[in-house]
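Participant: Okay, so the sequence shown: first residue is 1 according to my numbering, each after it adds one.
Derived by calculation from the structure, the hints in this document are not laboratory data. Take the hints with a grain of salt, since some may be wrong.
Here are the simulated lysine-lysine pairs, BS3-like style, with alpha carbons at most 25 Å apart [stated by the list, open to error]:
| hint | residue 1 | residue 2 |
| --- | --- | --- |
| 1 | K150 | K29 |
| 2 | K164 | K23 |
| 3 | K187 | K11 |
| 4 | K109 | K61 |
| 5 | K179 | K73 |
| 6 | K23 | K37 |
| 7 | K157 | K29 |
| 8 | K87 | K187 |
| 9 | K73 | K157 |
| 10 | K82 | K61 |
| 11 | K73 | K187 |
| 12 | K179 | K37 |
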Amino acid sequence: MVIRHTSFDHKGGRYHYRIHALKINELCKDFLSPLRKYLEDMFEQCPHDYFQIGPRGSALKFRLDNLNIKHAKHHDLCDWTKLGLEKNNERYNTAHSQVQVFMLENDDKTIATEIPLWLEPEEAEFYQSLFRTNDPLTGHIDLLRVEDNKIWVLDYKPNAHMEKFAATQVYFYALMLSKRTKIPIEKFRCGYFDLNDCYLFRPDECSLPKIKNVLDFY
Numbered sequence: 001m002v003i004r005h006t007s008f009d010h011k012g013g014r015y016h017y018r019i020h021a022l023k024i025n026e027l028c029k030d031f032l033s034p035l036r037k038y039l040e041d042m043f044e045q046c047p048h049d050y051f052q053i054g055p056r057g058s059a060l061k062f063r064l065d066n067l068n069i070k071h072a073k074h075h076d077l078c079d080w081t082k083l084g085l086e087k088n089n090e091r092y093n094t095a096h097s098q099v100q101v102f103m104l105e106n107d108d109k110t111i112a113t114e115i116p117l118w119l120e121p122e123e124a125e126f127y128q129s130l131f132r133t134n135d136p137l138t139g140h141i142d143l144l145r146v147e148d149n150k151i152w153v154l155d156y157k158p159n160a161h162m163e164k165f166a167a168t169q170v171y172f173y174a175l176m177l178s179k180r181t182k183i184p185i186e187k188f189r190c191g192y193f194d195l196n197d198c199y200l201f202r203p204d205e206c207s208l209p210k211i212k213n214v215l216d217f218y
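All chains should be modelled from the sequences, with the hints used to inform the complete structure.
Facilitator: The following block contains the structure:
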């Protein structure tokens with residue numbers, strides 16, 4: 001089976017977790033092998049209870065102003081989005097599924113969709129001051145790509161140019177996946193996009209002390 005698929009009933013909706021087994025085996029080697037193991041383990045070892053309580057990454061409503069976000073037009077992510085919306089228009093009801101499945105099936109770099117992940121309170125020094133709970137932060141990554149031995153954490157946002165907090169959301173997704181896989185945050189890249197615009201940044205440029213300063217105003 002090239003594409004493995006299961007569905008999770010987590011707080012916030014029903015999430016269709018998919019991985020492309022062949023691309024994962026090809027792209028997730030050496031220091032990226034923990035990513036392959038994590039993606040495979042989530043079919044049987046996802047802690048579903050975590051996803052019914054606590055804060056969610058998609059609900060974070062503050063900015064991390066120290067991110068160096070680059071705006072790219074005519075990025076290949078925009079091209080894939082256009083194709084997905086066109087080709088899968090009748091196959092799936094939601095734009096997310098149209099784009100996600102098309103890229104998973106056709107883009108050589110896309111390896112998984114709707115990846116579940118979480119962050120334990122003890123894994124981040126700022127956790128209590130921000131979330132004021134002992135429950136874990138959870139989320140689902142829209143799309144995961146591997147390119148030039150970098151892990152790209154990506155979020156499809158139909159009106160990307162209007163997003164105020166998408167970068168915060170994607171940053172925390174990268175942080176969570178880094179904690180889960182023990183792969184250094186320097187090996188990650190982040191972005192959010194639609195069919196017209198793409199916004200990219202390096203999560204390692206957002207240091208924890210700066211996050212704590214941002215939280216003073218939250």
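Participant: Look at each hint and say if it fits the structure.
Facilitator: Each hint tested on the structure:
1. K150 <-> K29: 12 Å, holds
2. K164 <-> K23: Violated, at about 33 Å.
3. K187 <-> K11: 29 Å, violated
4. K109 <-> K61: Since the Cα atoms of K109 and K61 sit roughly 30 Å apart, the hinted pair is violated (cutoff 25 Å).
5. K179 <-> K73: 31 Å, violated
6. K23 <-> K37: 13 Å, holds
7. K157 <-> K29: 30 Å, violated
8. K87 <-> K187: 32 Å, violated
9. K73 <-> K157: 14 Å, holds
10. K82 <-> K61: 28 Å, violated
11. K73 <-> K187: 24 Å, holds
12. K179 <-> K37: 14 Å, holds
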